[in-house]
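Q: Sequence:
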Amino acid sequence: MCASVGVHSALLRGIEPFPTAELKDYDPGFVAGWVVERYQIDLVAAAKTARDAMDAKLRQLCAEQIPGDTYRNLDVRSNYSEQTFKHILAPIWLRSYNFGARAFQAVMNGYTGAIQGEYPKSWIKVMLLVIAIIVALVIALSLGSHR
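Under the working numbering, the first residue of the sequence shown is numbered 53, with each subsequent residue one higher.
Keep in mind that the hints were calculated from the coordinates and are not lab data. C-beta: ideal position from N, C-alpha, C; glycine also. Do not rely on the hints blindly, as some may be mistaken.
Claimed, not checked - Ranges of calculated distance between the beta carbons of each label pair, as one might list FRET restraints:
id: 1; residue 1: Pro69; residue 2: Ile191; range: 32 to 38 Å
id: 2; residue 1: Asp127; residue 2: Pro172; range: 40 to 46 Å
id: 3; residue 1: Asp127; residue 2: Ala97; range: 53 to 59 Å
id: 4; residue 1: Ala99; residue 2: Leu126; range: 22 to 28 Å
id: 5; residue 1: Asp94; residue 2: Ile183; range: 30 to 36 Å
Required output: the full structure, derived from the provided sequences and hints.
A: This is how it looks when you write it as structure tokens:
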């Protein structure tokens with residue numbers, strides 16, 4: 053569970069997973085000379101968010117097991133026991149930049165190299181592209197019908 057409030061969670065989910073089997077005990081030397089962010093979400097809030105995410109995934113997995121297109125009254129109850137918690141450092145490279153009046157972020161998983169990001173979109177250019185595609189289709193169809 054991410055303990056940062058400054059990075060969009062959807063971007064972070066897009067660069068998962070991180071290999072947790074190779075975790076090492078914390079050593080301040082790991083981050084010496086680097087800018088790192090301390091956790092900003094307390095343990096209780098992070099644990100609740102993690103349980104909510106697991107409950108949603110369990111519900112989805114149970115729903116997929118039900119035959120047919122629709123279902124009603126699906127009741128999934130989970131019980132968590134022997135929970136343990138550990139703060140870990142994940143190598144996430146973050147780039148933020150401003151374009152116009154809006155801020156954009158890009159993140160990279162330092163283990164896998166997976167990248168997710170936001171970028172500015174010009175609705176004028178998107179509309180011009182759609183119009184160009186429509187014009188090209190009309191021309192192609194009219195040329196095809198004359199044969």
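Q: Honestly, which of those hints from before does the structure not fit?
A: Hints 1, 3 and 5 contradicted; others consistent.
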